[in-house]
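All chains should be modelled from the sequences, with the hints used to inform the complete structure.
Protein sequence lines, in the order shown, are assigned to chains Y and L.
First residue of the first sequence: -13, per the numbering used here; consecutive thereafter.
First residue of the second sequence: 3, per the numbering used here; consecutive thereafter.
Hints should not be assumed to be uniformly reliable.
[Unchecked claim] Under 7 Å between C-beta atoms, here's a sample of chain L residues computed to sit facing chain Y:
1. S79
2. F193
3. T350
4. I353
Calculated directly from the structure, the hints in this document are not laboratory data.
Even glycine gets a Cβ: it sits at the ideal position worked out from N, Cα and C.
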Amino acid sequence: MTSTFILASLIEPAIGLIFWTTITFILLLVLLGKFAWKPILTAIKTREKGIEDALASAENALNDMRELKSNNEKILAEARAERDNLLKEARDTKDAIIAEAKAKSQAEADRIMSSAREQITNEKNAAVAELKNQVATLSIEIAEKILRSELSSDEKQKALVNNLMKDVNLN
Amino acid sequence: MTSKINTYKRFTSIFLLIFSLFIGFSNNLSASEPLEDTIEHGHSADTAVAAHDAHGHDAHEANGPIDISAIAIEHVSDSHSWHFWGEGHDAVAAPLPVILKGNNGIVFFMSSEFHHDNEGKTIVEKNGERFVMFEEKVYYANETPNEYGQYVTLTIDEKEVSVSNAAPLDFSITKNVAQMFISVIVIMWIFMSIAKAYKTQGVTSAPRGKQSFFEPLILFVRDDIAKGNIGHGSEKFVPYLLTVFFMILINNVFGMIPIGANLTGNIAFTLVLSVATMIVTNINGNKNYWSHIFLPHAPKAIWPILIPIEVVGILTKPFALMMRLFANMTAGHIIIISLVGLIFVFKTIYIAPVSVAFALFIDVLECLVAFLQAYVFTMLTALFIGSAVADHNEDGAHTTDDDHATAGH
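Next comes the structure, spelled out in structure tokens:
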């Protein structure tokens, strides 16, 4: 019999509990809102933002690194090309220098040769001239001696003159 | 990104489940003690029932048939003292303050002044007024007692005992109110210390201790409940939803501790929470929400039917919230005490293993329900708020919706 009576009290809200629940709930809402949820949610949000930023900056860093790497490769390739160029130029310069030196020495040699040849020709001419002089002198001396011996008699002088004349004509 | 969130969700739900099982287990380890308590309790209720039921029979006769439903309902009801164990004058109970708004102003005294009387036999005279307690309710006492020494006028018809005495407004700190104060202190301590931890440790360090248990729950409420149901602009409602969620959750858990009070299974408590939800929903209702109620997209001919239905809908939504939480929590408690009560109905100890096994099962289930009901209440609150602040009018006017969407973004 009492069960229905108590059951009625079970589904009939008590004014006292409504009153205290309302006050407590509003207080809890205000206090937690101010001192718990606000700092907690702010902190969580800050952390999430931090994580997001960190991820974004990591992504950026990766991109930068990638760019840097490609730049590096470009620079490396350029350097390689530059080196090849330099080497090629050096080789060319060397060849040019060698060729020039060769040409120069050739020219010098030619010049020396020609001057030597010229000198030789001059020397030869001089020698020939001197030889001619000496031959002339000798010839005169010989001719004197011969003349002296040959001209010791008249026949002999005549014969000699004849002979000489013949030789001279022949010569 | 999505898979990460899913894993996180799964982790959260598994964590909740494990936690609830753990709580259930510890509760049932201690439940073997309170079993005795319940037995005694059962007897007392029995005697109390016999006192008004039998009317003329020996009031202390305890061998009559046991009214389990009365015991169960008394068990889940509010009371003016915090009963631990023992019965009648041997009962060990903490007295609680009784605050009454009588005809001569506010009256204040401790419930111990009734000397555990619950049958209207002990008068407390304060401020020129005389009060008696009958079935945990305070009435003005009659001048003279009836034949059983009760200072209340009882009318007994076939199924009902009703008291015709006038009653003062009762603002007592009852067991449920005291339970609520304790739980509020616990909640404040938990979350303020967590807030402090965020401040002192900074936001870059990993959460630890209480923080690591409650942070997933807070994130769950913020991301899945608030953002999932309200969408854009949900931040504004997150503190309210968090407060509701943890108020219900912590009190559900307290209600499962054997000497704890059944606060969330009390209709006054659920009433206040659902009225709060109703207020929050309606003061935030936008043009679409109100036009959906008062200018529905339907032929004008059926407006006289539709508008009242929609208006009633404003009330039925929070009413359903109120009843759902109240009924779920109360039902769980009643099932457990009914299973234990089987021992006394059959009057044999051999039924005890069956009772304990089933009570254990229901206890574990109740642990799940404690979380589930907190979730459901909060989720539906968010859903109602979401429908009130939504930009879109669900049935029709698509061109204007698109215009709104493009203008908004």
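Verify the interface restraint on L:F193: the C-beta must sit less than 7 Å from at least one C-beta of chain Y.
holds, 4 Å
L:I353 as chain Y interface residue, shortest Cβ-Cβ below 7 Å:
violated, 22 Å
May I ask you to test the interface hint for L:S79 with respect to chain Y, counting a Cβ-Cβ separation under 7 Å as satisfied?
Holds. Min distance 6 Å.
Does the closest beta carbon of chain Y sit nearer than 7 Å to the beta carbon of L:T350?
violated, 24 Å
In this structure, the earlier hints numbered 3, 4 are contradicted, and the remaining ones agree with it.
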